[in-house]
Amino acid sequence: MMKNAFLPLAIILLSLLLFSCELFMEEPQAGKVYAILVALDYKHLTDNRNHLDGTIPDAKEQHKAFAALAGDEKYEGYLFIQEGDSVENSTTHTIDGKTINAYPSPDNIEAAITALKSITTEEDLILFTFSGHAKGGNIALAPKSGSVIETYEVSRLLDLFSSVKGRKLIILDACETGYGVPSDPASSSTLLENSISTWYSKYFNGERSVKSDLFVLTSSANTDSYEDIFNGKRHGVFTYALLKALGWNVDTGTMSTAIPPAAKRGRLTVDGLLSYIKAHQTLKTKKSLFKPFGDIQHPMVSGGALDMTLFTF
Amino acid sequence: MKRVAFIIALLCVLSPLAAHEGYYYTLSLSIFPYLSIPHYADDIPMRTAGGGEASIGALGFRKSHYDFSLELRYRGTTASIPHGFYRARGFDSLGSDLRFAYQLKEQIALFATVGTEINFYRGVDSAFASFSTALGAEFLLVENSFHRLSLTVPITLHLRKEITAIQTAVGLRYQYFSTRDGR
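Respectively, the protein sequence lines represent chains A and B. At position 199 of the first sequence the residue is numbered 198 (numbering that gives the first Met the number 0), and the sequence of numbers has no breaks. At position 175 of the second sequence the residue is numbered 174 (numbering that gives the first Met the number 0), and the sequence of numbers has no breaks.
A portion of the hints provided could be inaccurate.
Stated by the list, open to error - Okay, the calculated bits of chain A under chain B, using three or more residues with CB under 8 angstroms as the criterion: (1) 19 to 28; (2) 196 to 203; (3) 238 to 249; (4) 267 to 275.
Stated by the list, open to error - 20 angstroms max Cα-Cα, derived SDA-like pairs, lysine to any residue: (5) Lys210(A) with Leu134(B); (6) Lys286(A) with Gly122(B); (7) Lys31(A) with Ser117(A); (8) Lys285(A) with Ile36(B).
Everything labelled a hint here was simulated from the structure, so no lab data went into it. For each residue, glycine too, the CB sits at the ideal point set by N, CA and C.
Take these sequences, add in the hints, and give me the full structure.
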């Protein structure tokens with residue numbers, strides 16, 4: 000009897016080995032890393048309840064951490080900062096020969112993304128970070144003039160990035176940014192659509208899946224996002240954990256020479272970042288029977304069948 | 000939740016039937032490679048992962064050459080081998096199967112299953128529904144009046160919306176008959 004079973008088993012295992020495409024097909028080499036980092040402290044607004052102290056350190060330290068991970072020669076980062084009372088920025092960036100002011104107005108951000116379209120390749124990694132206010136899936140960018148907050152739809156931002164070549168990761172540290180995460184045709188977020196009937200209706204709804212090279216990682220799903228003080232320095236709770244995940248030491252302002260703690264088997268992926276942040280952020284991700292009170296903040300990532308590699312080591 | 004409660008209640012009501020002749024309880028364990036073939040354009044034709052599966056059945060019936068059972072199943076699938084800039088996410092599945100088997104010879108049976116499951120991507124709070132169907136052979140290893148242990152070799156199609164996956168498993172299936180000579 001065992002002889003009878005051995006032959007089909009051997010055939011199956013051998014055929015599977017032969018079909019393991021990953022072992023035989025050549026892998027592409029990673030290209031350059033481009034980053035647009037946007038941060039606002041909203042201190043140009045008269046209502047000081049809107050002021051944020053952690054956003055600008057968040058963006059500046061992410062900028063340094065990404066540069067260290069990519070290597071200075073392979074990294075191009077552009078900070079778009081609104082700081083203090085000012086509603087303008089004297090700094091400019093040159094992207095593909097175009098001069099773009101570093102004040103984070105919708106026009107300047109769109110100009111930067113549009114300029115990236117002509118210089119990136121499929122092998123490049125494009126990062127966009129936002130630290131500031133948001134509500135219901137709209138981020139609050141700086142005004143073109145005056146001091147009123149302008150909200151900007153995340154979906155519009157994603158549309159712009161969809162025509163930029165390369166892998167894209169959009170990182171949003173702001174309230175309710177989970178609403179800005181695009182819906183996947185085949186799967187549903189259990190944080191926002193926790194219903195069996197929704198999951199089955201997606202199976203039959205006829206919407207086709209495509210391989211996405213645009214991932215969105217947010218600090219929260221449908222709740223507020225918070226700042227806190229870490230060893231005397233103010234940061235977003237999410238970004239503080241993200242910086243640690245990248246191997247950045249916030250206390251010393253230096254990058255660890257070791258492989259980032261969120262990397263597994265020499266690869267730092269979007270899911271790896273999310274897992275590390277959920278496990279290490281100072282706020283809990285959900286209320287429980289034993290901890291029913293207090294603030295929660297549940298990071299979220301776009302759905303789909305694939306996880307995306309950011310850096311290899 | 001109402002539906003889940005209804006199914007649990009139904010199982011509780013029907014389980015005492017197992018005291019009758021021919022009814023049995025079952026536990027199945029298997030491991031498998033998992034080949035996912037995407038319906039969208041990917042860098043490679045298929046991605047390779049692995050996994051394991053455990054099924055329990057409180058409603059099994061065996062008569063002459065035929066065998067039917069309703070089983071609850073957990074399946075764990077790993078993330079795929081990384082290739083290029085992507086890898087397929089791993090997930091955990093909870094589902095149920097209807098299983099039918101036909102005894103070809105004393106020691107060999109053929110079986111087929113159809114089932115459905117809810118799958119949860121690991122660590123990313125995302126879920127999807129899918130269907131599964133399998134065909135396989137079952138080789139009797141040992142048996143007595145109350146117990147029966149078989150080696151199973153099923154080929155399973157996991158029908159996801161954006162992916163069709165092939166699993167070729169090797170497993171063990173244990174059956175416990177609550178009445179002597181219930182087989």
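Evaluation of the provided hints:
no.	hint	result
1	19 to 28	holds (count 7)
2	196 to 203	holds (count 4)
3	238 to 249	violated (count 0)
4	267 to 275	holds (count 4)
5	Lys210(A) with Leu134(B)	30 angstroms, violated
6	Lys286(A) with Gly122(B)	17 angstroms, holds
7	Lys31(A) with Ser117(A)	14 angstroms, holds
8	Lys285(A) with Ile36(B)	35 angstroms, violated
Consistency with the previously given hints fails for numbers 3, 5, 8, ordered from lowest to highest.
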